[in-house]
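> Chain A is already provided as a structure; the job is to place chain B on it using the hints.
Read top to bottom, the protein sequences are chains A and B. Under our numbering, the first sequence has 274 at position 274, and the numbering climbs by one with no breaks. Under our numbering, the second sequence has 122 at position 122, and the numbering climbs by one with no breaks.
Think of the hints as simulated: they come from the structure by calculation, not from any bench. Just so we're clear, the structure is a prediction, and the values are computed from it rather than from any experiment. This list has only true hints and no planted wrong ones.
Chain B regions said to be covered by chain A (calculated; three or more residues, Cβ under 8 Å):
hint : segment
1    : 46 to 58
2    : 70 to 80
3    : 86 to 96
4    : 110 to 123
We put the beta carbon where it would ideally sit given N, CA and C, even for glycine.
Here are the chains, one letter per residue:
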Amino acid sequence: MKLYHIAKNSFFRRKTRMVFLILGLLIAISTVVTLITITRTMQEDIAVKLDEFGANILILPKSDNLSLSYGGMNVSGFSFNTNELNDTAIPKIRTIKNSENISIIAPKLLNVGKVQQQEVLVAGVNFDEEIRIKKWWSLIGNIPKQKGEAVIGAEVKNKLKLGLNRTVKINKKIFSIVGVLEETGSQDDGLIFIDLREAQELFNKPQMLSLIEVSALCYNCPIEEIVRQTSEILPAAKVVAVRQTIKNKMDTMHRFESFTIGISVIILLVGALIVFTTMSSSVSERKREIGIFRALGFRQKHVLNIVLLEGFFVSFITGFFGYFVGLLISGFTAPVLGVTTFSLSIDPVLLLGATLLSIIIGTGSSFYPAYKASRLDPSFALRTL
Amino acid sequence: MSLIMINSLVKEYNGASDVVRACDKISCTIEKSEFIAVMGPSGSGKSTLLSIMGGLNHPTNGEVIIDGLDIYSLAIEQLADFRREYIGFVFQSFQLIPYLTVLENVMLPLAVTDYSNKQQMEISAEILNRVGLYDKMHRLPNQLSGGEQERVAIARCLINRPPIVLADEPTGNLDSLTGIEIMELFQSLNAEGQTVIMVTHNPENAEFAGRIIQLKDGKIAA
Chain A
1 MKLYHIAKNS FFRRKTRMVF LILGLLIAIS TVVTLITITR TMQEDIAVKL
51 DEFGANILIL PKSDNLSLSY GGMNVSGFSF NTNELNDTAI PKIRTIKNSE
101 NISIIAPKLL NVGKVQQQEV LVAGVNFDEE IRIKKWWSLI GNIPKQKGEA
151 VIGAEVKNKL KLGLNRTVKI NKKIFSIVGV LEETGSQDDG LIFIDLREAQ
201 ELFNKPQMLS LIEVSALCYN CPIEEIVRQT SEILPAAKVV AVRQTIKNKM
251 DTMHRFESFT IGISVIILLV GALIVFTTMS SSVSERKREI GIFRALGFRQ
301 KHVLNIVLLE GFFVSFITGF FGYFVGLLIS GFTAPVLGVT TFSLSIDPVL
351 LLGATLLSII IGTGSSFYPA YKASRLDPSF ALRTL
Chain B
1 MSLIMINSLV KEYNGASDVV RACDKISCTI EKSEFIAVMG PSGSGKSTLL
51 SIMGGLNHPT NGEVIIDGLD IYSLAIEQLA DFRREYIGFV FQSFQLIPYL
101 TVLENVMLPL AVTDYSNKQQ MEISAEILNR VGLYDKMHRL PNQLSGGEQE
151 RVAIARCLIN RPPIVLADEP TGNLDSLTGI EIMELFQSLN AEGQTVIMVT
201 HNPENAEFAG RIIQLKDGKI AA
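Pulled out of the complex, with its shape left as it was, chain A reads as follows (with noise of 0.2 Å):
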């Protein structure tokens, strides 16, 4: 027998003591991690919503000349800059250390063309990721499958007054219409969208780009870190946050971490207290075991190990299963906070954090009443000698 079977034996067979012990901390760490669980659920349900408004990462050429406005944002004036943007930016943009944070690149080719006798701003677009990144859009027939199809905005429909399978001539290049976007507000209103490969040959640009839209998920990273990151590897280019949307995504998702931090310190407060009072008033009813102990040639150092390994036994069990507890809750809790994206899935680092965090406060606050228990004058403990 060793100091941890009395301490195990002590945890397993006083039964209600130890009951009372784990749930007052099981209940603390359940619920710090239902919190840890429904605020990250909720961070990326809103991070992933926040991405709806659009890019938050603009990448332009340098330039110092005149520029075009595109979506209220200043594009630079492509015809005269000096480091012009090429594909070759984008899988650049996927090697940055936080490449697992970009949701959607969107690069644009953006070039005055001829209709029908007059300058209509074209852009050149990857469909799929154009789509993906301006959630607002909304189109009457189909995106381009194929060569020779093009959007039109909602302004250019009404005055150049084209319409849906009607053609469109663009710098004597014929382009069927295949889609026509509905009011957006915006400056796309008045833009005629093609393939961007399309778009390269159509103004003699091969591979040259105008500008790249980036979202970004960053519920977790600073964007100025991939900004930077982004800067890093794409020197000749002007990396710029869209900072509006950033602020109040970040903003938001510091509310919900402060409230989840504070309310989190208070329960893990009360679930340390709890085992506080507790392991105090156990050494107190165990004055007489504690004598025992000292009378049988216990050292100080043994008696204060047996009562830490109790404090051990109650918050390893109790930060192990209460996590799953936390969890468990969380899937019950989290449609009615109407979070939708929540899955039952086992956090390894939360399980460890919740498990680690629970041996700290645990055995942390079983310190005092066993450095008290150690201290007890054996003569004082057995009051029958």
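Same frame as chain A, now just chain B:
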């Protein structure tokens, strides 16, 4: 040299209004293999003397020398080691650990030694066999009779093979027949060379001892 030498031992407690002197300049010697009964009325200082001899209770004055060692000159942790090596306690009302089985209670003093689990089991089984509780080693204390619990307490006190057994009213909670059985057990231990010092009120128990130390008002009366 005597196994135990007590010189001018004084123990005072702070009472509610005044200082109570539980042991008043007690001096005595106890030889190896003696069976001593410490007797006296309640409050005469018997249990205090026993706890001081066991290294559990620091005296106010005087010295306790056991096997040539002034035990109260030892540091706290060394005093614990001394108790483990030299003293076996049998407490009044058994004082078994309720959540440990008979076997675990007996093995308890070995939990802080270097004995392996196997060695501990072997030693404990041998002693339990001797006190007639081998078959009940996996029971909890509350599943035993008073006499059986007392025998477990005796087995526990012997597990370390201590030179000195200190017993405080070992038959206080037992019927007379069981009490006699326990006293016979002490007597047989003593016959094998074990030094036994027993506090008792009971003159019949004292008859088993080789010598009686009579205390009155904290002093040796006879």
